[in-house]
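Asker: In order, the protein sequences belong to chains H and L.
In this text, residue positions in the first sequence follow our numbering: the first is 1, and each later residue adds one.
In this text, residue positions in the second sequence follow our numbering: the first is 1001, and each later residue adds one.
In short, the hints are calculated from the structure, not lab data.
Ideal Cβ placement from N, Cα and C applies to all residues, glycine included.
Hints may be right or wrong, so weigh each one.
Each computed BS3-like pair below joins lysine-lysine, with the alpha-carbon atoms no more than 30 angstroms apart [what the hints assert, rightly or not]: (1) L:1188 with L:1165; (2) H:55 with L:1232; (3) L:1182 with H:251; (4) L:1267 with L:1031; (5) L:1267 with H:129; (6) L:1068 with H:129; (7) L:1298 with L:1203; (8) L:1232 with L:1298; (9) H:253 with L:1298; (10) H:55 with L:1182; (11) L:1061 with L:1031.
Distance windows between CB atoms, simulated [as the list claims (entries may be wrong)]: (12) H:211 with L:1203: 36 to 46 angstroms; (13) H:251 with L:1168: 38 to 48 angstroms; (14) L:1013 with H:35: 54 to 64 angstroms; (15) H:251 with L:1170: 35 to 45 angstroms; (16) H:265 with L:1227: 40 to 50 angstroms; (17) L:1290 with H:207: 36 to 46 angstroms; (18) L:1241 with H:73: 39 to 49 angstroms; (19) H:211 with L:1241: 42 to 52 angstroms; (20) L:1170 with H:287: 51 to 61 angstroms.
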Amino acid sequence: MRALAGVEDEEKWLAEGIAGIQHNAFFMHRALDANNLREVLKYSALMLSELRTSKLSPQKYYDLYMRAFDQLRQLEIFFKDESRHGLPVVDLYELVQHAGNILPRMYLLCTVGSVYIKSKQAPSKDVLKDLVEMCRGVQHPIRGLFLRSYLAQVSRDKLPEIGSDYEGDANTVMDAVEFVLQNFTEMNKLWVRIQHQGPGTVREKQEKERNELRDLVGKNLHVLGQIEGVDLEMYKETVLPRVLEQVVNCKDKLAQYYLMECIIQVFPDEYHLQTLEALLAACTQLMPTVDTKIVLTQLMDRLSNYAASSPDVLHEFLQVEAFAKLSNAIGKVIDTQLEMPIVGAMTLFVSLLTFTLRVHPDRLDYVDQVLGACVVKLSSVPKLEDSRAMKQVVALLSAPLEKYSDIVTALTLSNYPRVMDHLDDGTNKVMAMLIIQSIMKNDTCISTADKVEVLFELIKGLIKDLDGTNVEELDEEDFQEEQNSVARLIHMLDNEEPEEMLKIIYVVRKHLMTGGPQRLPFTVPPLVFSAVRLVRQLEAQGGNIAGEDVPATLRKIFQILNQTIEALSSVPCPELALRLYLQCAEAASDCDLEPVAYEFFTQAFILYEEEIADSKAQVTAIHLIVGTLQRINVFGVENRDTLTHKATGYSARLLKKPDQCRAVYACSHLFWVDDPEGIKDGERVLLCLRRALRIANAAQQMVNATRGSSGPVTLFVEILNKYIYFFEKGNPHITPSDIQSLIELINTEMLSDNGNTTIHSDPFFSSTLRYIRFQKQKGGVMGEKYDSIKL
Amino acid sequence: MNFLLGAFKPACNISITFTDGKNRKQVPIKKDNGQIVMNPLFQSQETIAGKIHIDPYQGKKVEHNGVKVELLGQIEMYFDRGNFYDFTSLVRELDVPGEIYERKTYPFEFSSVEMPYETYNGVNVRLRYVLKVTVTRGYAGSIVEYQDFVVRNYVPPPPINNSIKMEVGIEDCLHIEFEYNKSKYHLKDVILGKIYFLLVRIKIKNMDLEIRRRESTGAGANTHVETETLAKFELMDGAPVRGESIPVRVFLTPYDLTPTHTNINNKFSVKYYLNLVLVDEEDRRYFKQQEITLYRLKEETS
């Protein structure tokens, strides 16, 4: 009937109801003022009759109820004062039951009952028991709910709980509990019943209406949670089983969900812990449509927080084997609720994991067990596509990382990578990044090859292209970010023990080599440097241990290095490869491994010749080569000659004259190593410098020819500096007169260049001259050398 | 009518007082014209005694052929109004023929009067007790005065008082089991019980318990039955589900009930029934009627 009515009609009915209440309340108040009991009862019953309406939605009915409720407060005050109505309360209790209609009768009875308890003329428990029993007469769901809610309200402060004024005999708490439980049970039945009334078409509306009413039912649980004197024993034996029985038996998803939520929120954590079994058993018996996962999640969250609240409670968790029980229950729920989406299962696992990490941080096997269960679940479904589920899995995998702040722990979890396998590529990468970030943040050092192997297995999404990944989709910046992270990660792999370190390098290399041309430029350098570091470490120890196999190890490392870098050249990325070769060469040199160093150089030269075509790159490369070669002292005369010859040769063949010039004078250093044992071939140094001068001259002329004016004298000044350097180092072939003439040359050039008076316009040159003057003035050995130079 | 009465003004005023009239309990009785008057209450085996005053008007003298007082127990059927059937009739002669000049008082006494039946005011029948004073005169017509009194008889609680328990139903539609704690209730009693719903396939709107009185008069073919509903007490609001048990608690005090009367002097019977009525949403009524016996229990306080 109500379902068909419009909102306007409802407003009208509500207005009528309110008017009816006000009208009768007016007469009731008059009777109250006159202390006329008979009239009071008559008009109060009439007033309450307005609540008999079936036409209002719960919300509107509530409005009406509240108005009647206010009036009932006045009535209660009147009933309380026996002098006003002249009747003992026990008689009053009978008198109000003469009312013909049940609803007004029950409201009046509850009101008088409240007074009756207050008067203490009868034990609270008896009156309450009578009231809660008599309320059965109202079977209409909404009217019944409100009536019982009224009963709950007026009785709230009159329960015979411990410490209250109405405390009864030894069983007093039980009586209070019994009363609330019964009222709760009946209210829940009424609440559930709404669902089954009316045609199916209004089901949705009914559900909405029921949601509005749920707190009336839930309030009973709050009261239960607050009754003084309910100890664990009673909770375990009576309260919880009774409540759960009602929850399970009502077979209503709305009620089950809401009530489970209530139970979890209302009662204390330690009770939950001690009754975990019952609670979980109930969870598995809920309707399949109930969102059990949220219920369980809430429970676990609460328990987790409880565990976190104080370390003292942890032993309780152990005592009750909380983990095993939760784990079991979740398994059951997931098994039985086939319709639960995968995201639900994942959410459950996340909660369980969070719980485990909080409560049993030391039990890695538990964590692994959770992950294992997760794997099983994931394997049972096709590849994950639900992004929410994916998020949950990421959360699941991140949790241990955060907790242990030590990836090493996570690496020991055998199921960890198996879970990761179920992620899609994108998420897999995100997860891999998370892992790397965790390592970085905590500065964790991964020190065994096995762990490295596992780790790389985990982050393989970053290491290589997975099947089916569309390379073009990759965002360049993201890619670089990822690869840089991998590069950083490589530096975190370290072990003091060379052999283990070597293994690590092997492992890393194995994985990195699968990365393909795009990744290698990012990942090879850190690997190379890592290996070089190992080399240096070995070398440093070499003097001490000097075992036979040490060179063997070294040689192996260099082999790997060679192969690794070779891979780069195929990318192609010759500049980088060249640099790395040179690094290796230097390392080899430090280890006194001439052939190896030579080989590296050869590689570098080949690269230079074959791959590096860009002139700028060539310049850079030449300088690198020269620099490295200069420092290397391992070569024999022959090898060295070959290499230096090559290097000078390349220098002279550079495209631009200034570049040529600079390269050539740089080569001069190849013949003069400022080192007691270093080569000191002054003649060839001079040759190089002269050649550089020639080239500088040629450059100057070219500029003159093309622009009509000579270029800056920078090149000359640079060469002058080289002269001075070698002069100071004691190269016998560099004489003061050479320097003298060079200075003059520069001066001439500058004059012809500018044609004006500003002689010392070039700051570099003037600084150089100032230096010479300074040396002269300083005196001493150096000063004497400079004596012959005239400025 | 006063002027007419004035014309045939009775020569004297007759009044009747009971010996313990001031202390005796008075109970309200509804008269024919709807007025409620208070009448003294007696029970069987009581002695009914008092005084009768005859007061002539203004020094008139009343000549008479004798004065008597009668105690009558009468049953009056409404279809036969004015015609009383006397089941009890006792007479006391108060005076021999003569003349009364001034106020004269006659004491009277009916000792240990057997009054087996209670006063009863029904729909079709009335049972009453009355004192009738007659000043017999010849041609001038007798002067008569009546004084009603009420008789109520108290009985001890019945030794056997079984509960009423019964399962009723309509197949595949509604099955209930009801229980009333007793089959015999005194008039201030309270009916306790419960209704247990075994099967509910109809949409019940509410459930009432009615108290009905069945008054049957006459005998044989002329039996006339009148049923009244004296109380309608809502037991349940809304539709119960299977397994629900609804408490019954009905106080009888507020209702105007009499004891059950069975075959009073072969003239009439009064029976009481509890009628359990279930009303569904289409306002169809389903009911089950059970007879209960009502009796008058001696009140402690009176």
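Asker: All hints are to be evaluated individually against the structure, with a verdict given for each.
Answerer: Checked hints:
1. For the suggested pair residue 1188 of chain L and residue 1165 of chain L, the alpha carbons sit about 22 angstroms apart, so the restraint of at most 30 angstroms is met.
2. Taken as a hint, the residue 55 of chain H and residue 1232 of chain L pair is honoured in the structure, with Cα atoms around 24 angstroms apart against an allowance of 30 angstroms.
3. Among the hinted pairs, residue 1182 of chain L with residue 251 of chain H is inconsistent with the structure: their alpha-carbon atoms are about 39 angstroms apart, more than 30 angstroms.
4. For the hint linking residue 1267 of chain L to residue 1031 of chain L, the alpha-carbon distance of about 21 angstroms falls within 30 angstroms, and the restraint holds.
5. Distance hint between residue 1267 of chain L and residue 129 of chain H is unfulfilled; the C-alpha atoms sit about 48 angstroms from each other, more than 30 angstroms.
6. At most 30 angstroms may separate the alpha-carbon atoms for a hinted pair to count; residue 1068 of chain L and residue 129 of chain H exceed this at roughly 64 angstroms.
7. Proximity of residue 1298 of chain L to residue 1203 of chain L is assessed by CA-CA distance (about 44 angstroms); at most 30 angstroms being required, the pair is judged violated.
8. In summary, the hint linking residue 1232 of chain L to residue 1298 of chain L is supported, as the alpha carbons are separated by about 26 angstroms, within the 30 angstroms threshold.
9. Proximity of residue 253 of chain H to residue 1298 of chain L is assessed by CA-CA distance (about 58 angstroms); at most 30 angstroms being required, the pair is judged violated.
10. Distance hint between residue 55 of chain H and residue 1182 of chain L is unfulfilled; the C-alpha atoms sit about 39 angstroms from each other, more than 30 angstroms.
11. At most 30 angstroms may separate the alpha-carbon atoms for a hinted pair to count; residue 1061 of chain L and residue 1031 of chain L exceed this at roughly 33 angstroms.
12. Checked against the hint of 36 to 46 angstroms, the pair residue 211 of chain H and residue 1203 of chain L fails, with Cβ atoms roughly 24 angstroms apart.
13. In this structure, residue 251 of chain H and residue 1168 of chain L break the distance hint of 38 to 48 angstroms, their C-beta atoms being roughly 29 angstroms apart.
14. Checking the proposed 54 to 64 angstroms range against residue 1013 of chain L and residue 35 of chain H shows it is violated: the Cβ atoms sit about 44 angstroms from each other.
15. In this structure the hint that residue 251 of chain H and residue 1170 of chain L lie 35 to 45 angstroms apart at CB is violated, the actual value being about 27 angstroms.
16. Distance hint for residue 265 of chain H and residue 1227 of chain L: a CB-CB separation of about 58 angstroms, inconsistent with the stated range 40 to 50 angstroms.
17. Checked against the hint of 36 to 46 angstroms, the pair residue 1290 of chain L and residue 207 of chain H passes, with Cβ atoms roughly 42 angstroms apart.
18. Checked against the hint of 39 to 49 angstroms, the C-beta distance between residue 1241 of chain L and residue 73 of chain H comes to roughly 33 angstroms, which is inconsistent with it.
19. For residue 211 of chain H and residue 1241 of chain L, the hinted distance range of 42 to 52 angstroms is not satisfied, since their beta carbons lie about 22 angstroms from each other.
20. Between residue 1170 of chain L and residue 287 of chain H, the C-beta spacing of about 33 angstroms breaks the proposed range 51 to 61 angstroms.
Of the numbered hints listed earlier, those contradicted by the structure are 3, 5, 6, 7, 9, 10, 11, 12, 13, 14, 15, 16, 18, 19 and 20.
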